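J.: Listed below, chain by chain, are the residues.
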Amino acid sequence: MKSTFLKSIVFFAVPAMLAAQDPAPPPQRITLPFSDPSRPKSLTVNIPMGSVTVTGYDGNDAVIEYSGRGDGPPRKARPDDLPPGMHRLDQPTNPIEATQENNVVRVKGGSWDRLNIQIKVPKQTTLELKTMNGSISVEGISGEMTIDAMNGHINVQDASGPVMAHSMNGRITASLAQLSAAKASSFSSMNGSIEVTLPADLKARLKMKSDHGEIYTDFDVKVDSATGPTSLAPGGGGKNGGGVLPHTDRTLYGTINGGGPEMQFITYNGRIVIRKK
Amino acid sequence: MTCDEAKACFADDWCGMLRTPERDQLKRHLEDCAACRQEADGLESLWRKLDSLPAQEPPPQMRDRFYAALGAYGEGFSAASTEPRRKDNFRTAFAWLPMSVAAAALLIGLGLGYAISSQKGVRENSEVAQLRGEVNGMRELVALSLLRQQSASERLRGVSWANQVESSDGQVLAALLDSVNHDPNVNVRLAAADALRTFAMTSASRMEIVRAIIPQSAPLVQIALIDLVVDLKDSASISELKRVAGNDSLNPSVRERAAWAVERLQ
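Protein chains in written order, with our numbering: chain A, 1 to 277; chain B, 1001 to 1266.
Please note that the accuracy of each hint is not assured.
[Said to hold, decoys possible] Which stretches of chain A does chain B cover? Using the computed rule of at least three CB atoms under 8 Å from a CB of chain B, they are:
(1) 138-149
(2) 163-177
(3) 183-193
(4) 257-270
Treat the hints as calculated values from the structure; they're not laboratory data. These numbers come from a predicted model, not from an experiment. Where a beta carbon is used, it is the ideal one built from N, C-alpha and C, also for glycine.
Start from the sequences, fold in the hints, and give me the full structure.
T.: Written out as structure tokens, the structure reads:
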């Protein structure tokens, strides 16, 4: 009876003690105003571990909310370093570093922290977002978006600025508005698929290549008969008098609605889906 | 001298450009007015420090780029001005043609329509050649200028423009190689690698392409470059491709592709 009682104490108390030692930290918030709201603004985020969500809004400041564990640099102290009769006081760690200078907001995370960062910025902000291990989501931005998620997914919604997205191992999904189509956009992934939704009346020139996957679309794509940029040069062939080059790669060039700015879709192992909105 | 007048004289005084009566007036004012004296001291020390700043030297590439852009523009014009001159000679040499054809038309009416259309054709050809030269020069200029923009999307547009340049004296090739090796954006590097396909006509440029493979950070660009080397059918690249295939630090897909490329080129 006594041992059962002890066991039940251990059973309930140990998780409770562990939970007490390791509470989920509440979300923190930093608000950084851009120094000159009338000039172009940009946001640069570089987070080795953790996910980033950026949303465009009608305000003037960059509002950064983050949660997650900021473990700080690995400590040398071991439990047996604890002097007899003492207990350790936890030192505060700040898992992110956020600064604003000359209308550029920079957010950096340490390589030992697993973070979840949500940032609100004015819609027309230029974004440069980079993660090693974590996904990146962007919504409602009209500035240029340069996104690089090494091992995470990229999701861009309601974009009205040009998108330059690359992921090594993640999937890329994007939905563009008409406005962003006036500039060149590009999506590339080594091992992930690319799914992009475009306005039905978008005029664009498409360059698509999937080495080990298929390309699907519900657009009426007018595919160039000869592949490659050589077909653009009158007379074809090399620019300096060479003959027509045979192509080993599977790049497909084509236009939708008569052609327009170039949109590039490249994946090695994934598939490409280009949808009408 | 009032405070405002004194402040207007500060810079002239430091440069030694103030005349004696004014300098004396300023000196007297500064002795009387503590606020101006403090401001003058603060500004003067800043002024002296500015002298000690090293002069900013323009980067060495700037001159090259300027002459590249100028060259591209000039090429457009020279192509435009030489071709029509040749056509003009051609036209004078055959100036008698319309008249004799017109005479012949009295005998055979059918010839007239043909004569008019052929003369019109010569003029149109020279105009088209002139326009094409100008357009090519402009495309090259636009491509080179866009490739240096800060915005990755604009640089991607620069690569698209480079694709439309028909002939180049090597400036576009150099700019594209520079993009493949140094552009921070993977998407721009990928597009530039594809665009190189039609410019890499010399063995030196093909060697530069194959050497760009190993230093690349993105496997996708490495694969695009390997495909390009295979398309260019340059057997001199085989030894470098073997090094790629045997390099343990590279992505397995890249090494596989390089091994496949070696087989294709042998």
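J.: All the hints need checking, so say for each whether the structure fits it.
T.: Here's how the hints hold up against the structure:
Coverage of the segment 138-149 of chain A by chain B holds [criterion: at least 3 residues with CB-CB distance below 8 Å; count 3]. Using a Cβ-Cβ cut-off of 8 Å, 4 residues of the segment 163-177 of chain A lie near chain B, which meets the minimum of three, so the contact claim holds. Only residues whose C-beta sits within less than 8 Å of a C-beta in chain B count toward coverage, and the segment 183-193 of chain A has 8 of them, enough to reach three; the restraint holds. Coverage of the segment 257-270 of chain A by chain B holds. Counting CB-CB distances below 8 Å, 6 residues qualify, and the rule asks for three or more.
Of the numbered hints listed earlier, not one is contradicted by the structure.
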